[in-house]
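> Sequence:
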Amino acid sequence: MRALSDRLRNSICLCGYTETLTFALVSAVENAAFLGRESPAAAAEALDPTQCQLRPAPVRLANAKAREFEQVRTTLIPGVLKSILHNKGRRELPIKCFEIGDVCVLDSSTATGARNLRHCCVAIADECFSGLEVFTWRRQQQEVHGVLDVVVQELRFTGDYKIAELEAGAAAVASAAAASASEEAGSTSESRAAGALALLKKVLDRSLGMFRLLPSKGKEASTT
533 MRALSDRLRN SICLCGYTET LTFALVSAVE NAAFLGRESP AAAAEALDPT
583 QCQLRPAPVR LANAKAREFE QVRTTLIPGV LKSILHNKGR RELPIKCFEI
633 GDVCVLDSST ATGARNLRHC CVAIADECFS GLEVFTWRRQ QQEVHGVLDV
683 VVQELRFTGD YKIAELEAGA AAVASAAAAS ASEEAGSTSE SRAAGALALL
733 KKVLDRSLGM FRLLPSKGKE ASTT
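Quick note: the sequence shown uses the working numbering, first residue 533, plus one each step.
Bear in mind the hints are in silico, worked out from the structure with no lab data behind them.
Among these hints, one or two may not hold up.
[Unchecked claim] In the EDC-like style, the derived pairs of lysine to aspartate or glutamate whose C-alpha atoms are separated by at most 20 Å in a straight line are:
1. Lys628 <-> Glu659
2. Lys614 <-> Asp634
3. Lys614 <-> Glu562
[To be verified] Between beta-carbon pairs, the in silico distance windows are:
4. Gly645 <-> Gln685: 32 to 38 Å
5. Glu686 <-> Asp634: 18 to 24 Å
6. Arg599 <-> Asp538: 29 to 35 Å
7. Thr642 <-> Ala594: 16 to 22 Å
8. Ala594 <-> Glu624: 39 to 45 Å
9. Lys597 <-> Arg623: 29 to 35 Å
10. Arg623 <-> Asp538: 21 to 27 Å
11. Ser537 <-> Asn619: 20 to 26 Å
12. Ala594 <-> Leu625: 38 to 44 Å
13. Arg534 <-> Gln685: 16 to 22 Å
14. His651 <-> Leu546: 17 to 23 Å
The C-beta atom is built at its ideal place from N, Cα and C for all residues, glycine as well.
Generate coordinates for the entire structure from the input sequences, incorporating the hints supplied.
So this is what it looks like as structure tokens:
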């Protein structure tokens, strides 16, 4: 696993990204609420932590010294976002960074009651684009998709995935049309806000299992 992680680090660095190293302990708010996730108290018996990433059960510290370090991270996203926040204004845009590290979730099927999982998180921050667009005014390339393709090739896998941004955009258009119709019908702002929250929850739910990687024909993924 260490050798494979090092290979991925080298490949992503060659794409122009800088590796970040963040704390494994985070606050409960950063671990769930800030990401629009629910944080269950315990892992469900039928829950497979390698498949479920939206509602992982975190490992909590019994005597945390500070609120910032009360849980073991279940995702790398908060740490990467913090890195971007602290570097904003201190370096030129775009800021392109990534992290490969372990997260920890409760798992009743293990002897310790928890399981470590190796995750990879890649992020890009720029003035006017998210890195997911096919064409941008500044550069004609696919930033995030390009990194994903490099990782897939390094693993010798065939990537079968779809662009969530297009799905979310279609949902936003449908939401705007529905809000306009509701406004004409005399609905209140509270009901429109509730509808927007419901739509956001559906988008987050649909993002579960967004990427499905299949082994390439005639090739086996190397784990050495």
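> Does the Cβ pair Arg534, Gln685 satisfy 16 to 22 Å?
Given range 16 to 22 Å: holds, Cβ gap about 20 Å.
> CA of Lys614 to CA of Glu562, is that 20 Å or under?
holds, 10 Å
> Please work out if Lys614 and Asp634 have their alpha carbons no farther apart than 20 Å.
Status holds; Cα separation ~17 Å.
> Taking the beta carbons of Arg599 and Asp538, is their distance inside 29 to 35 Å?
holds, 34 Å
> Arg623 and Asp538, beta-carbon distance inside 21 to 27 Å?
With a Cβ separation near 25 Å, Arg623 and Asp538 satisfy 21 to 27 Å, so the hint holds.
> Taking the beta carbons of Thr642 and Ala594, is their distance inside 16 to 22 Å?
Holds - the Cβ-Cβ distance for Thr642 and Ala594, about 19 Å, lies within 16 to 22 Å.
> Need the status of pair Lys628, Glu659: alpha-carbon distance at most 20 Å?
Holds. Lys628 to Glu659 sits at ~12 Å (cutoff 20 Å).
> Taking the CB of Ser537 and the CB of Asn619, does the distance hold inside 20 to 26 Å?
Given about 23 Å between the Cβ atoms, the range holds.
> Could you tell me whether the CB distance from His651 to Leu546 stays inside 17 to 23 Å?
holds, 20 Å
> The hint says 18 to 24 Å between Glu686 and Asp634; measuring C-beta to C-beta, is that right?
Holds - the Cβ-Cβ distance for Glu686 and Asp634, about 19 Å, lies within 18 to 24 Å.
> 32 to 38 Å was suggested as the range; check whether the CB atoms of Gly645 and Gln685 agree with it.
Hint holds: Cβ distance 37 Å, inside 32 to 38 Å.
> Do the Cβ positions of Ala594 and Leu625 conform to the proposed distance bound of 38 to 44 Å?
holds, 42 Å
Against the hints set out earlier in the document, no violation occurs for any number.
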